[in-house]
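Assemble the complex: chain A is given as a structure, and chains B, C and D with the ligands must be docked to it using the hints.
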Amino acid sequence: MTVTTKIENLKPTDFASDQEVRWCPGCGDYAILKAVQRTLSEEGAQRENTVFVSGIGCSSRLPYYMSTYGFHTIHGRAPAFATGIKLTNPSLDVWVITGDGDGLSIGGNHLMHALRRNVNFQILLFNNETYGLTKGQYSPTSRPGTRSPSSPSGSIDFPFMPCVLALGAGANFVARGVDTAVKDLTETFKRARAFPGTAFVEIFQNCIVYNDKVFANFTDRDVSLDLQVVATHGMPLMFGAEKNRGLRFDPTRVQIEVVVIGENGVTKDDILVHDETNRTLAALLAAMEPPNHPMAIGVLYSNQVDTYESQVYGQIAAARNGGADLNDVIRRGHTWRVEG
Amino acid sequence: MTVTTKIENLKPTDFASDQEVRWCPGCGDYAILKAVQRTLSEEGAQRENTVFVSGIGCSSRLPYYMSTYGFHTIHGRAPAFATGIKLTNPSLDVWVITGDGDGLSIGGNHLMHALRRNVNFQILLFNNETYGLTKGQYSPTSRPGTRSPSSPSGSIDFPFMPCVLALGAGANFVARGVDTAVKDLTETFKRARAFPGTAFVEIFQNCIVYNDKVFANFTDRDVSLDLQVVATHGMPLMFGAEKNRGLRFDPTRVQIEVVVIGENGVTKDDILVHDETNRTLAALLAAMEPPNHPMAIGVLYSNQVDTYESQVYGQIAAARNGGADLNDVIRRGHTWRVEG
Amino acid sequence: MEGSLRSSDTPPKGGRESRDSVVIRFAGDSGDGMQLTGSQFALSSAIVGNDLSTFPDFPAEIRAPAGSTFGVSAFQVHFSAQNILTPGDEPEVLVAMNPAALKTNLADLDPGGMIVIDRDSFSDKNLRKARYEENPLEDQSLEGYRVLALDMSRLTQAAVKPFGLSQKESLRCKNMWALGLMMWMYDRDRKPTIDWLREKFANRSEIAEANVAALNAGHAFGETAELPNLGYGYSVPRAEIAPGEYRAVTGSETLAWGLAVGAQLADLKLVFASYPITPASNILHILAGLKAQGVVTFQAEDEIAAVCAAIGASYAGSIGVTSSAGPGVALKTEAIGLAVVAELPLVVVNSQRSGPSTGMPTKAEQSDLFQAVHGRNADTPLVVLAAHSPANCFETAIESIRLATKYMTPVMLLTDGYLANASEPWLIPNIEKLNTFPVEFHTNPDGFHPFMRDNETLARAWAIPGTPGLEHRIGGLEKDYATSNISYDPANHQRMTEVRAEKISGIANEIPLQEVAYGPKQGPLAVVGWGSTFGAIEEAVHAAAEEGLEVAHIHINYLNPMPKNMGGLLAGYKDILVPEMNSGQLVKLLRSAYLLPAEGLNKVTGQPFKVKEILIAIRTKLGNCK
Amino acid sequence: MEGSLRSSDTPPKGGRESRDSVVIRFAGDSGDGMQLTGSQFALSSAIVGNDLSTFPDFPAEIRAPAGSTFGVSAFQVHFSAQNILTPGDEPEVLVAMNPAALKTNLADLDPGGMIVIDRDSFSDKNLRKARYEENPLEDQSLEGYRVLALDMSRLTQAAVKPFGLSQKESLRCKNMWALGLMMWMYDRDRKPTIDWLREKFANRSEIAEANVAALNAGHAFGETAELPNLGYGYSVPRAEIAPGEYRAVTGSETLAWGLAVGAQLADLKLVFASYPITPASNILHILAGLKAQGVVTFQAEDEIAAVCAAIGASYAGSIGVTSSAGPGVALKTEAIGLAVVAELPLVVVNSQRSGPSTGMPTKAEQSDLFQAVHGRNADTPLVVLAAHSPANCFETAIESIRLATKYMTPVMLLTDGYLANASEPWLIPNIEKLNTFPVEFHTNPDGFHPFMRDNETLARAWAIPGTPGLEHRIGGLEKDYATSNISYDPANHQRMTEVRAEKISGIANEIPLQEVAYGPKQGPLAVVGWGSTFGAIEEAVHAAAEEGLEVAHIHINYLNPMPKNMGGLLAGYKDILVPEMNSGQLVKLLRSAYLLPAEGLNKVTGQPFKVKEILIAIRTKLGNCK
Ligand SMILES: Cc1ncc(C[n+]2csc(CCOP(=O)(O)OP(=O)(O)O)c2C)c(N)n1
Ligand SMILES: Cc1ncc(C[n+]2csc(CCOP(=O)(O)OP(=O)(O)O)c2C)c(N)n1
Ligand code: SF4
Ligand code: SF4
Ligand SMILES: [Mg+2]
Ligand SMILES: [Mg+2]
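Quick mapping for you: the protein sequence lines, in order, are chains A, B, C and D.
Going by our numbering, the first sequence opens with residue 69, and the numbers climb by one from there.
Going by our numbering, the second sequence opens with residue 69, and the numbers climb by one from there.
Going by our numbering, the third sequence opens with residue 72, and the numbers climb by one from there.
Going by our numbering, the fourth sequence opens with residue 72, and the numbers climb by one from there.
Some hints could be false.
[To be verified] FRET-style restraints, in silico, Cβ to Cβ:
1. TRP404/B / LYS196/C: 40 to 46 Å
2. PRO516/C / LYS79/B: 16 to 22 Å
3. LYS281/B / ARG690/D: 55 to 61 Å
4. ASN580/D / VAL373/A: 48 to 54 Å
5. VAL291/B / ASP210/D: 53 to 59 Å
6. PRO359/B / ASN515/C: 56 to 62 Å
7. ARG211/A / ASN580/D: 57 to 63 Å
8. PHE512/C / VAL291/B: 51 to 57 Å
9. ASN360/B / ARG211/A: 35 to 41 Å
[To be verified] Coverage of chain B stretches by chain D, computed from C-beta distances (three or more under 8 Å per stretch; other residues unrestricted):
10. 201-208
11. 350-357
[To be verified] Listed below are the simulated DSS-like cross-link pairs for lysine-lysine, each with C-alpha atoms no more than 30 Å apart in a straight line:
12. LYS200/D / LYS79/B
13. LYS203/B / LYS239/D
14. LYS203/A / LYS271/C
15. LYS681/D / LYS592/D
16. LYS281/A / LYS271/C
17. LYS251/B / LYS281/B
18. LYS239/D / LYS271/D
19. LYS79/B / LYS203/B
20. LYS258/B / LYS311/B
21. LYS281/A / LYS477/C
Simulated from the structure, these hints should not be mistaken for lab results.
Bear in mind that the values here come from a model prediction, so they are computed numbers and not experimental data.
Backbone N, C-alpha and C define an ideal beta-carbon position, used for all residues, glycine too.
With the rest of the complex left out, here is chain A (with noise of 0.2 Å):
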């Protein structure tokens, strides 16, 4: 008989730093927060080796409540720096907090890049298409005709899908979440955190304050059943209150189109199997919208090639075969003598 000792995981509260939450009663943060703090202790995580990195925002504060490694940097500008971290420490566990604006007014450029290099950490974009600390402006997730202090007559710019955006840039693993749906979002935060390479996850997150229910659309819990899909690698996508609706592709329209089992002769068989391998799928997936489609939530895409990290350290390790010392490389070419 052996003993194997096992080491207690931490529990989520273990999680949690000295710090007073202080984001808007109501705001659905709290939740998210929950999640990530489940997520790392489900998953045995070691304080120590985690680090929040994190732009400006309501969302981008979440690494001051956490009891791990943190880093409020400044606005958009959080994957450059998780990016330097993680070239220096690749065994860390980096998380990437970040929000519509933080992410993809400011930051869209370094949130790309990052996904397209697939440095191994994860980016939790909280969605509330608001700019929420600088006092409720419309953001590049905002709807047209959102009505905000700097809108007052309506926004007019088409709106980002983060997930479609993601997808273009070449992203290898893109999820989707409800900010009160908390254990299918600690599930997700589990796949990402696995995930090796950039995990971009958009949450859909309500601020109470500057932009309630704006995804009660489809997170009310009335239509929630007949307005999100959940993507399952393997599994039909089906989806309903009575659970008889799917997706069909429609490879004349080239286009995706939602059916019921049992009309106009549908069948099971016709409906699109969810392959999370599958690129082209993820982007159709991604790029449904409420009402005439439901939306989807869960990993839509995960797809593992090597990180960037791991080629970096890759070709430094091959280089150091036989490699000369700093005083040697100083050296190198053309030297000459000075005879005293």
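Coordinates of chains B, C and D with the ligands only, in the frame set by chain A:
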């Protein structure tokens, strides 16, 4: 009998400035310049109403060679300058000239935001997969393994595909061309110019000094017919030296495949017909890469929606009805009189 | 005044004590409506003819938990029978709606000042949230103050009972109760507030009337309660104020309006491109509301895009303006360099806040002067102006547009978080009477090249796209003086560098000579300031003069170039003291430019100077000199 | 030397004239290989024991059309029997491979200097491309110079005939012919060049041998042709040079190596994050080649990402370094502010170039000093160092890392486009003998908070992620002095602002006192410089001293903080002259700091100072004084 006075179009050479063109002999930029000048000539453009705005790079030198208005700005920001220009004077015909470094590295965010806003100008992105002006470092479009002064062991970043990225950002007009195909390019530029909104055109441009023949794998005369498909709205997506290849959509594997008419029972009816208003199809075409697929050339996507500036001035016009003058504005709300 | 509800209309039970100046601070939870309460009190003071100045102090958090110390919101009102320029050093009355408000504001109160407290809010729970170990109403800690601990919540609830509100809604009226009491205490008219309540809650008249009832109840309480510490209340006589139509304005409002008006005076479209940032965002919000006046606003994806769009707008013939705070201006500096070398008009507004980096975003500082004057790569001169009061923001915004368009140059306009939010009465100008300075674009092709210059101003020709025959190319590369083509010629670069510098330094020839704001034109001491310290310095210098001290106040609005007479003027004082809300920036510029031993008086707390602090420094300085 | 091919080995036909110092400029088309020619000549001069200094001048265009004036590439070599510090004011020999090279370089030539010309290249076509209306070889325009117009192309073609090259390839050898002639003229050894050619073209021996033949033919031509203007050639005796192993280095090389070595001395990983920009890119290229030495380079998407990645790397325990030129540094300033307030080590290298904006990117300037010292929002102090020669770049890079890690601060290291490209011999150090300064990360949880400070240096504790028990959060918001938690407390912000300033100013206590580079420690005049003007000032001051003028040279490497004795030292001179390649920046800092009437000598042409220009200014100054 009526007499119509036909205003003579300016000739292509009338659009050349008096400045010596200072690209390297043999650079692909010359051909693109020619296509631009032809486009303006054939479309009857007026010099005084035409503005070329660029960032920094070899490509961004183009405005100096045009006899129109021109603004050679700073690295990566041309779309933002162009937005300011259009906000002032929507009637100007504005062209943004950028490179893969200027437009996708430092300037990626401005490009994406211009595309989603749909400001009415053309963006010509000269993609030579290198930073020409700074002497040949790898760029965000360089293929993995590119050896360059800054990547002596080969680059390790996964590249962007510019058209895929543009579609992901919500672009409403996306097209592609090859520097040497001046005639096709001219037609594509005409379409871009006519499009009311941000028209994005990626041009494969040969940098003879730092990246010679990097596109030869699909532009060389002996392979171009087999490895390019020209997308034409309403026409089947056929190509090949013998015009017998085509693109078909495989709905089960949710992907596009190359088929040969006559082989395995494939007929012309199986071939996808190009619908330039279908964003899904455009994304599929944009993502194809040789050698497994042909490179899609031409107008991949064109979908008309309101331009940004028309909405700006629409809101202003609506507000002006019955609007107060500034003297009234500063008297709005609570005021009181102090008597003398 | 007809229908007036001023308590002086009813015969007072005793004589009101007359006071010259009073400072009150209203403090409470974010949800307690302190900003509205304070503003209404200020308005009522303006209407009785007092001069006044106010200062709000918001919490940094959007919506902090109720009862927490960091959720306290405060509003200070200084009203006076004299001309005043600051919201006052130390309130003599603190209205504290809960324990946290008392805790965080008590230290600022005048020793011996009055504290008006809602006793009902001093529950154990609230005391804990405010981190009080003992109830301050029950221990000795408030000794020495005049404490009025009243059952404000209960009295309010009683007053609003007839209107059938929920308990939460009822309690929301308690700020009006407190306001009513203060209005009684200082003999203010309730009518404007009553009108405002009825307008604001036009759709919910029960709320409006409940608030009116609370207001009246508070007032009646003062009149009837015969409070031991209070007597018969005070009166503050009207001040001597220039006649005309007034309103209360914050610096954000005047600055935004000044930009719109400046563009109109220049006969140009205003294109305002910005990215939100505290405390600058309000300028964007206000201008976004001026669509009917033809203002174009553009919320860009970041500060860089904002300044670039503004420059693009100027290139095309608008006046392009961008606005931010220090961290955002840092991002704009590369593009501002382009505007300098392309010689395009541009206004960059910097609402300075506490730094470095994110710092304390809601707090004011004057620490971006170096950034404004020196904060670019290369020799990149531009105009730097600073506004010194909310009203002055209006004029400075107009002057910025005038200089930018006349000299084809970027202008950096410095303001700060204090000016942005502080408010004061403003004599509303008649825009039609302001001097216009219409821009004429260049249209004549003869001998045209884009950097041909006006002999006098050295400004280049402004020729805009759309003009036939003037097609040209500009950019960031150095250009030939004579042809405007790209040039790497060494002598040409020297010449162009010099002409860019001369154009800016030459502006000193037309701007007003530096005046002495107050005091002798030479003497033992000048206090030299810039920006929002104006009020505090001016009041301190006045006070020193009353003490018989010989001291002058010089306030610099034109920071680059400085007025021509600056060196000579300053040389006339033995000592120069430069108070700044930074570690010493203007003082270094003055020392370098004029080789005078100017000394700094520096405060970097995120708080404006107190009059007293400057006065003490003056006394010390002159004491030493004697 | 065994196997030496120096012409002095063969008995000279007459006596060589001995010369102390010579300046040669090789100029030709971009395709003519002038940079290689010049480098080889320099190397051969180093090997005979001359001191030397070289300066390349590339065209701004990547590949300009052949024969155009803007496609001319030049390389100047100054070699001497004395110690020299500059590539020389005016060449006395100009080797001009085509009309455009003559046209663009003639003005710099010493009056009476020698011109060596390839007559064959003076075709009508080339004359037209160079915009000559008359053939300068046929009109009077070259009168007064010693012109050697030779059939260089034809002679080269004849020499390489045996190797069967194409005509184009044959003509490519003509630079070696010219080099051979010059080697004869100055009595240099051909062997190293021959070795180099054989190594370089190891795979194409016919090319190697053709080049060798051309080199030898040029040499033989000098020896046999009895050229009227030439005599028997010259010799330049060896200089007194410290013994040891040498190599030629540019500032880019030494700077890159200094960073790698500095990281090793600190026992840290170097993470170098950058975005290409002229003239900074070479540092990235060189470090990207040091993978075997464990250097991590990151080509970021822009300058902002680069600096942020460098800061992130430092946060995690590397030494993060970023590098750019002025416009790129402008973009980094917001993030640098974060590094200041987060108190993380960081090195920012600025290879200054001509501005404003894009300016003249390939030309040097010293105009980013203000940006370095003052160019951030808020009170944001950091360390500013400047390198003054290619060799000094090595030491300054090491010192930057030492100070950054010891004081937990960003360091701005200023160099410029001139230092980046100029080259000089470098006594190669033994890295193992350099002083190490290994970093010890904080690991003890007792009483830990991230902004706890070392009593002496005031540096905060550096605790890196991965350390158990020290988990903490840092950021850009102001933090409490005692707990490191976020704080909006006014007095705390004052204290933190002061401690950040004191930490930096306290560095003055450990850096070396300012020395006088040359001349008296007090007197009528000090010439005070910084950066790449070192050589020109030093040579000018030497020359002035030889004329009997009493003048000192002081060169400042530590620009912020400045050495403690600076004020006292400068006060010992009646006049202070500050030559700068800008419109006057150091001069303003000195005036402000020490209230001394320092005056500027400013040159903003994109060209380095000539020794003569400074010498004249010294004369004028002292002439006036007498
Ligand atoms: C350089 C800079 N520009 C602007 C700001 C102001 N700012 C802070 S947060 C923010 C937007 C935040 O929006 P988002 O990322 O969506 O966060 P949320 O508050 O909604 O969670 C802005 C504009 C800043 N801090 N720094
Ligand atoms: C702020 C700034 N950073 C960097 C540079 C240097 N730079 C100029 S052009 C360029 C890249 C150009 O690449 P691309 O846009 O692809 O143009 P190409 O030369 O290949 O046409 C870079 C890095 C600059 N001019 N400004
Ligand atoms: S403003 Fe909105 S996003 Fe920010 S804390 Fe409050 S509820 Fe949350
Ligand atoms: S470097 Fe390349 S892109 Fe630039 S001009 Fe030369 S060939 Fe063209
Ligand atoms: Mg948000
Ligand atoms: Mg390129």
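Each hint, compared with the structure:
no., hint, result
1, TRP404/B / LYS196/C: 40 to 46 Å, "42 Å, holds"
2, PRO516/C / LYS79/B: 16 to 22 Å, "20 Å, holds"
3, LYS281/B / ARG690/D: 55 to 61 Å, "60 Å, holds"
4, ASN580/D / VAL373/A: 48 to 54 Å, "52 Å, holds"
5, VAL291/B / ASP210/D: 53 to 59 Å, "56 Å, holds"
6, PRO359/B / ASN515/C: 56 to 62 Å, "59 Å, holds"
7, ARG211/A / ASN580/D: 57 to 63 Å, "59 Å, holds"
8, PHE512/C / VAL291/B: 51 to 57 Å, "53 Å, holds"
9, ASN360/B / ARG211/A: 35 to 41 Å, "38 Å, holds"
10, 201-208, "holds (count 6)"
11, 350-357, "violated (count 0)"
12, LYS200/D / LYS79/B, "27 Å, holds"
13, LYS203/B / LYS239/D, "25 Å, holds"
14, LYS203/A / LYS271/C, "22 Å, holds"
15, LYS681/D / LYS592/D, "25 Å, holds"
16, LYS281/A / LYS271/C, "25 Å, holds"
17, LYS251/B / LYS281/B, "20 Å, holds"
18, LYS239/D / LYS271/D, "19 Å, holds"
19, LYS79/B / LYS203/B, "35 Å, violated"
20, LYS258/B / LYS311/B, "26 Å, holds"
21, LYS281/A / LYS477/C, "50 Å, violated"
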